[in-house]
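Heads up: the protein sequence lines correspond to chains A and B, in order.
Our numbering puts the first residue of the first sequence at -5, with every later residue one more than the last.
Our numbering puts the first residue of the second sequence at 81, with every later residue one more than the last.
Read the hints as simulated data drawn from the structure, not as lab findings.
Among the clues, some could well be false.
To spell it out: a stretch of chain B is covered by chain A in this simulated footprint if at least three of its residues, at any positions, have a beta carbon under 8 Å from a beta carbon of chain A; those stretches are [claimed, not checked]:
id, region
1, 96 to 110
2, 117 to 123
3, 151 to 162
What follows is a list of derived Cβ distance ranges for each label pair [said to hold, decoys possible]:
id, chain 1, residue 1, chain 2, residue 2, range
4, B, Phe135, A, Leu141, 17 to 25 Å
5, B, Ala180, A, Thr46, 39 to 47 Å
6, A, Ala0, B, Val162, 15 to 23 Å
7, A, Ala95, B, Glu181, 35 to 43 Å
8, A, Thr139, B, Phe88, 28 to 36 Å
9, A, Ala59, B, Ala180, 27 to 35 Å
10, B, Phe132, A, Val133, 39 to 47 Å
11, B, Phe135, A, Leu91, 26 to 34 Å
12, B, Gly175, A, Thr128, 27 to 35 Å
13, B, Phe132, A, Ala86, 20 to 28 Å
14, B, Leu106, A, Phe66, 22 to 30 Å
15, B, Gly175, A, Ala95, 31 to 39 Å
C-beta: ideal position from N, C-alpha, C; glycine also.
These are the residues of each chain, in order.
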Amino acid sequence: MSLAEAAFVLLALVAVVTALAALLVRELVHTIMWVAIFFVDLALIYFLLNATFLGVLQLGVYAGAVTVLLLFGIMVTRKRIFSREAATGLGAGPVALALLAFLFVLTAVGELPQGESVPIAYAPAALSAALFSTYGPWVLLLGLTMLTSVSGAIYLVREGRE
Amino acid sequence: MTAGLSEFGFLALSAALLAVGLFGVLTRRNFVLLLIAIEIAMNAAILNFVYFAGFAPTAASGLDGQATAVVLIGFAATEVAVGLAIVLALNRARGSINVAEATELKL
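Between the sequences and the hints, there should be enough to build the whole structure, so can you do that?
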């Protein structure tokens, strides 16, 4: 097992465990901590894949902005920040359904031809140049969607709307 | 440096993350936890885009996957912003962000 492979296995385990912990712990503040570790962990996986631009984007957008937004959402909706969530049952049905989905995808993956080809590394400069030429319309669409959603969000939280 | 990272590992990881997200969406009652579960499932999809971007035949088409991942990350951030606006509106109208109690369409 190569060093990169061992690092990936470790990071993958941490990703699954922190994702589960984020959904299962009772204190919502601890949830935010776990989910922040999850996002940083995924950024490390992107760095492992030589996708530097995406790793940095993941750190900035997810580990930075989304985490703070979620923390803000928890902060304004409860009086005591460390109060515990009422226990929600696991439910046999949802657990079985999630396991079934996992096993279904996993068996489908097993049917695929297993390649060991080496991923090509891209320079961040090439990606950012392409984002403003070839993928310009996408970026424009993303910007317009963000503008619309921010207007929508402001409308939703406005005081005294009809 | 990326030699030897098998497809199976990545696909298994994203399948596992998708299952965790699905489980969270189905069982959690808190709106913020629902948003987190959706983000986890979305990250599983983005991971696949990033991984398979490396296998493209030409360098030009190889950027497709990474550009898609960039746009997806942007959309996910947008979704969280709108989701939290709904959380705030729900909290103001109901005094709780339990989705089981939000049974009326108009806040």
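We went through each hint and held it up to the structure:
Note: the region 96 to 110 of chain B has 14 residues with beta-carbon separation from chain A under 8 Å; the three-residue rule is met and the coverage holds. Note: the region 117 to 123 of chain B has 4 residues with beta-carbon separation from chain A under 8 Å; the three-residue rule is met and the coverage holds. Beta-carbon proximity to chain A at under 8 Å applies to 11 residues in the region 151 to 162 of chain B; the threshold of 3 is reached and the given coverage holds. In this structure, B:Phe135 and A:Leu141 break the distance hint of 17 to 25 Å, their C-beta atoms being roughly 35 Å apart.
At about 43 Å, the CB distance of B:Ala180 to A:Thr46 agrees with the hint of 39 to 47 Å. Distance hint check for A:Ala0 and B:Val162: the Cβ-Cβ separation is about 40 Å, which falls outside the suggested range of 15 to 23 Å. Checked against the hint of 35 to 43 Å, the C-beta distance between A:Ala95 and B:Glu181 comes to roughly 28 Å, which is inconsistent with it. For the pair A:Thr139 and B:Phe88, the beta carbons lie near 34 Å from each other, so the given range of 28 to 36 Å is met.
Between A:Ala59 and B:Ala180, the C-beta spacing of about 29 Å keeps the proposed range 27 to 35 Å intact. Between B:Phe132 and A:Val133 the C-beta distance comes to about 21 Å, which lies outside the given range of 39 to 47 Å. Between B:Phe135 and A:Leu91 the CB atoms are about 31 Å apart, so this pair conforms to the stated range of 26 to 34 Å. Taken as a hint, the range 27 to 35 Å is violated for the pair B:Gly175 and A:Thr128, whose Cβ atoms sit roughly 49 Å apart.
Our hint of 20 to 28 Å for B:Phe132 and A:Ala86 is violated, since their Cβ atoms are close to 35 Å apart. Look at B:Leu106 against A:Phe66: about 26 Å separates their beta carbons, and that is inside 22 to 30 Å. With their beta carbons about 35 Å apart, B:Gly175 and A:Ala95 fall inside the hinted range of 31 to 39 Å.
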